[in-house]
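Enquirer: Listed below, chain by chain, are the residues.
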Amino acid sequence: MRMPRTLARTALAAGAVMVLAACGGNPTAAPAGDAGGPEASGPTEAEQLYEEIAGLSGQERRDRLVELAAEEDGLNLYTSMNADMVDAVTEAFEDEFDIEPSVYRAGSETVLQRILQEQEAGFPGNDVVETNATELMALQQEDVMAQCASPERMEEVPEAGKYEDWVATRFNLFAPSWNTNIISDPPEVWEDLADPKYDGQLALELGDYDWYMALTDYWLEQGKSQEEVDQLWADIVDGAKVVKGHTVMGELMSAGQYGLASSNYTYIVEAMKASGAPLETQPYVNPVIARPNGGSCMKTAQNPATAMLFMDWLLTEGQEVLAAAEATPSTAEIETEIVAVDGQKLLDEGSEWSQRYDDLLSGVEQVSD
Amino acid sequence: MTANLADPAVTPEELRRPADGPPEPRAARWRWPLTPKMFIVAGVAAAIGYLALVPLGYLIWGTFFDAQGLDLGSFERAYGDGRMGELWGNSLAFAGGAALLSITVGTTLAYLNVRTAVPFKALFFAASIVPLIVPGILYTVSWIFLASPQIGLLNAFLEPILGTAPFNIFTIWGMIWVEGLHSSPIVFLLMVAAFRSMDPSLEESALMSGATRLQTLRKVTLPLVRPALLSSILVILITSLESFEVPALLGLQNGIYVFTSRIYFVLRSYPQDLGAAGALAVSLLAVAVIGVAVTRLLAGKGSKTYQTVTGKGFRPRPLDLGKWKPVVGVGILFYFFVTVVGPLLVLLYAALLPFYQAPSWEAISSFTLDNFAQVFEMNSAARALKNSLILGIGAATIVMGLMAIAAWISVRSTIPGRGIVEQLSFVPLVIPGIVLGLSISFVYLRFPLPIYGTILILLIAYCTKYMPYGMRYASTSMTQISSELEESAMVSGASWWTTFRRVLLPLLSPGITAGFIYILVVSFRELSSSILLYSPGNEVLSILIWEQFENGSFNVLAAIGVLMVLALMFMVTVAYKLGAKVGLRED
Amino acid sequence: MLRIDNLVKSFGGEKSRGKKKTASSAAVFAVNNVSFEVKEGELFTLLGPSGCGKTTTLRSIAGLEKPDSGTISVGDRVMFSSTGRGRTVNMPANKRGLGMVFQSYAIWPHMTVFDNVAFPLQVRERSDRPSKKVIAEKVERVLATMQLSEQSGRQATKLSGGQQQRLALARALVIEPPLLLLDEPLSNLDAKLRESLRYELKRLQRELGITSVYVTHDQVEALALSTQIAVMERGGVVQLGKPRDIYEQPANKFVAEFIGTSNFIPGTVASQRAGRHCVETSNGILYLESASQLPVGSEVVVSIRPEAVELSTTARGEQVANEWQGTVVTRAFLGDAVDHVVAVGEHEVRARVNPSVSIESGTSVYLQLDPSKISLVPVN
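Residue numbers (the numbering used here), protein chains in the order written: chain Y, 1 to 369; chain S, 1 to 587; chain R, 1 to 380.
Hints listed in this document are in silico derivations from the structure and should not be mistaken for laboratory results. Quick caveat: nothing in here was measured; it's all calculated off a predicted structure. Only true hints are included.
Derived lysine-lysine pairs resembling DSS-like cross-links, with alpha carbons at most 27 Å apart:
#: 1; chain 1: S; residue 1: K37; chain 2: R; residue 2: K66
#: 2; chain 1: R; residue 1: K158; chain 2: S; residue 2: K121
#: 3; chain 1: S; residue 1: K37; chain 2: R; residue 2: K95
Which residues of chain S face chain Y? A partial, calculated answer using Cβ under 7 Å:
#: 4; residue: Q150
#: 5; residue: P354
#: 6; residue: L445
#: 7; residue: I531
#: 8; residue: F554
Cβ atoms here follow ideal geometry from the backbone N, Cα and C, with glycine treated the same way.
Build out the structure end to end from the sequences listed, making use of the hints.
Expert: Put into structure tokens, the structure is as follows:
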């Protein structure tokens, strides 16, 4: 019986690498607020730089940043912008400053996971993050970002897009959209979604609990009672289909699988419409639910000046680039009424709302078919 | 005589001295000569242990412990949902149905392809590969376009004739159909290797004994390939239990929720509840471990009789199908249509359109090559293709190399504890891709060597993820090689390594080639851990695809899908040709 | 040439594979204290039924099994030596330099005939490896000996059964091993081929003068081929000797039964002087000669080979030592002989006689039993 020991030793050796590597702490115990980052012992170099530049404004600020950025080594950007948008943004930035950003692109949850993992391990992977509100709120709670946008530019951003450590760069607008071949009388207000005439034609998206939360809050604020709101949701879900993914939502609607999508991103619908699909999202149902997407600089940034330069630029010249890429820039005037998703609430109660939305949708089976 | 006592599987190490014999001094017993064999075996075992234990350790640690110590709350959070019973019920019905379908279809096709003079043999090749290449989401969506009651092409064709739309893909049957078809190539590839190494005289002798073809199949052929069959069932059951694309796209429309949707919701929230996700994955792990144990038990019973590649040469003579030939031919054309032609046509159709619309003259007149042009214009496309190629070939080579030796350890060697190697190699199957990605980034962020942020970390992830499949292919082949072939090489003076290289490896080559191709193909669509682990410059094709999907560019995505099918078909052909060169030659 | 001393090999039992074994009683002795010596040029056969330990012994010589204890040496090279304590010598199979033919031939299906035979030369240590040219010469020579030259380039699996057997032999012989091990090499062939290959094998072995150990359960094969036979039963050697001695003087009932057919008649030694025994049986007194001098009163079994029985329809009386009377029960024509079963008292005696003699059943006959061909098998 000599081999089992040998095997056991092998296993132990293999395990040891892992354990040694992992003595930083339990992987799942990490996230909640206590900020295990390396910055615990006072401000980082990057923070000092942000502090120094914060006092400057206008051309002076821009010149100083360009000067400092020239001494740095490019820019590492982690973002959940879609590929077209990020390509447009990075190309424009490079044209302007001759700095080519290295971009890591993934879904917002993945961007968050990656940053958390890296920060926990003390690995300064990115200089700038640009992603969804929920994830930015989580990062704010982790205390790994530093507000670095220019105060002048922040003034242009509506209140719903300003937070302690980050600022909105664009809004994702949730609005109903429809197949013009199928739906001749599109909804005008959100309550219309509950109308039985859309039974069998309405589709909801599996993951849009943030929209669900925002719309519920809006209705309650409008003076509806909890019962009324619940009834509205029950009527919406009655006869509705559930799809996963906003792209699939648009694609199946353009194919005619259903006629009305409750909450697609307007930019997806606009892009499909541009390529000739029989889809329409305007006139917008009032109010449009907007989820801010924003950005910030990392406390551990290795290229802090470039990071700042990028954020400044994204809130000025970059805004036009975003608009050209079918996004809704945060500093632009939006003609319609906007209800912003509350980032803080999303962070605090997100999983609860996610569960509620899940429960609501899975009630679908009792009524469909 | 040779039956039991001569069984080489009863080992020198296992020998026991006579009751009255004095115990051997410890020092002598612990000695193990330092041979290349030892290094290789220990190295492979260590590599497998390492690859499996990293995510497993992370998973178990995260599931059972929190900062304060042992914590079982994660199970409560994971299973606290009142609908858990229903979720499991749906999952099991779905996984069981998909397994049944893919096993039946895959095994039948493999049998027909290898053992009979079946018509249209050339089609098998495409039918066995194409569903693997097409990403799950595209495959599923093309089925929606084919068989949705509202927009399904098949329904549109048949409705005027039948008066009603005959198909509804948004049902549990639709889910089983799509998942089963999508998985049948795995079974096909596994079973082809098994049938290929079976002596036809075993079947012929049954026919001569008066058994009908069906009886022969049931009583001789299937029992002989039982190890491969059990392996396939296990793999398909677990992958279907874990599958999310199909249930999400087809089941949700009518509220059919499955087990994995829990994992989806659990992993989506922040702070991410890895503990709860882990608790769900741990129950899959338990299912898998029991499955492996049962497989071993069933396959181990009289495993000697399953060694069907013996030194007595056989000439595979394909069975004549007789009057069944036209029937089988029609069946094969049908299968080829539903797995390859239908979905591919839909993809091609979508790839040529600016946006998806039901077929009409108007639609056809709007055909354009813009989507393809867009793919070729993408800056990162060439780089992603190169990276995917490097990773696919690299992972397939490493995994099959490791697993060939691991299969020897597990099937042929007499080393105590060899079963653990097999169990370990199976572990990654039950680890959700995102957990795998997290555990790997967790370890390599703290690793002294600069692996994080390079393409190496993706290679490690792929090797881990595809290890279970590699093991299935390798060990299935290994069980079927007679140990005398190996012993005769040893007696001829060949060292263990030479024996392995010159005798076992070529004999394993049908299985190794099949495994290689499988890994090569599926690594092209790996997303869940790639997306977390890639860095700028290391993009792979699947990430490109995902980006197109996120953009809403479904038609560009279809174009990429078409191109991928073409490129991989070419590579797979090359791999088969190379594999056939070194291996057992076929007639 | 080959010397085996006190070889012991036990198995913990198939069932407990991989599990921890606890009770020592679970051990099964596959080979229990086997010793024998094979001289240069001999064809030594291990003969016995399934499970007797003959293959385990052969595999131990080959190095494919590791014995518990004992010594195995070929010439002056010790292949295995263990006393059960202290240092164990166990040369790995691939260093022993022996030739072996497996029951299934174990021909590598992915190689050509040539490659199969060349393999043992190709895998030698680099320093010891012949050049490609020499390998080719050696392979061609051994293929020529085996009459396989024409098949040289063919895929090994395309050969007929007999050709495969010769190929396996060629592969074993190509390194000119000091010792050739054959594990039931003829058992996979049909009867006619088996017979012709049996003589072929014998001729080759004698011509090449190669020392061989042959394992079989077929006594006809053993008798026809061997210079020495070791009959094994339940892990031990029960009789060792020349084929004729074993056939004519089986050491016990097991050997007598296993080696061909025999008539067994129990009796008691009535008198004995210098090996001339007088045994009292229920059919009357039998006179016989045996080397084993048993005391008067010993319980014995008398073994009479069917071909040691002569039949006649008339009594010869005093001309022969032993004569019994009986009735023919049945007869069978075997081509080269006729078997008669004759009822004698309470026994049935099988007599194998010249085909010219054929007696109808029911006929009363006389049996003459040659005293020199009757053997005594002691009862424990």
